[in-house]
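Asker: Residues -15 to -1, 1 to 119 in mature numbering (1 follows the signal peptide of the UniProt record, and there is no 0) are what the sequence shown spells out, letter by letter.
Hints are not guaranteed to be accurate.
[What the hints assert, rightly or not] Within a straight-line C-alpha distance of at most 30 Å, the following computed DSBU-like cross-link-like pairs (lysine-lysine) qualify:
| hint | residue 1 | residue 2 |
| --- | --- | --- |
| 1 | 55 | 100 |
| 2 | 58 | 26 |
| 3 | 100 | 26 |
| 4 | 58 | 97 |
| 5 | 26 | 55 |
| 6 | 58 | 100 |
| 7 | 55 | 97 |
To be clear, the hints were calculated from the coordinates, so they are not data collected in a lab.
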Amino acid sequence: MTRVFFLIFIPYISTISIDTRYPQFFHQSLHDSAVEITEGKTIGSFIAFINLVNDTNIILNEWLLNTTNKDFKIQPNGMSYSLITTQVLDRERENFYNFTIDAQHLIPPYEKIFKPIRIRILDINDCTPSFNQT
């Protein structure tokens, strides 16, 4: 189980937690803080749970979450959010994603928090080699 936390000092919310334990294709790189995913994930594929963590009860409809990358979107999912794909993940098109998740509180004092996300796309043999000689 990999948990990534982002701590900031504001009165209402203290953490955005990215929970990567559910997808079997998800694991933390040994070399850096990037998460690694195999290519070929289709549109609408689940990537991770996103949790807003604080000491009090959070009402999800008081928060607006967005991502700064067009290949992913965030959807409410019961008591958390889900990071899902909006494009097929193809290593030949994009091999590394570095973006942020922005959380905006919709009730005064309108806090904003940000969580950096780094995803490395791992290659699968989807482009078989061709040879000109027989």
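Asker: Now tell me if each hint is right for this structure.
Answerer: Here's how the hints hold up against the structure:
| no. | hint | in the structure |
| --- | --- | --- |
| 1 | 55 <-> 100 | holds, 16 Å |
| 2 | 58 <-> 26 | holds, 14 Å |
| 3 | 100 <-> 26 | holds, 22 Å |
| 4 | 58 <-> 97 | holds, 18 Å |
| 5 | 26 <-> 55 | holds, 15 Å |
| 6 | 58 <-> 100 | holds, 14 Å |
| 7 | 55 <-> 97 | holds, 20 Å |
When held up to the earlier numbered hints, the structure conflicts with none and fits them all.
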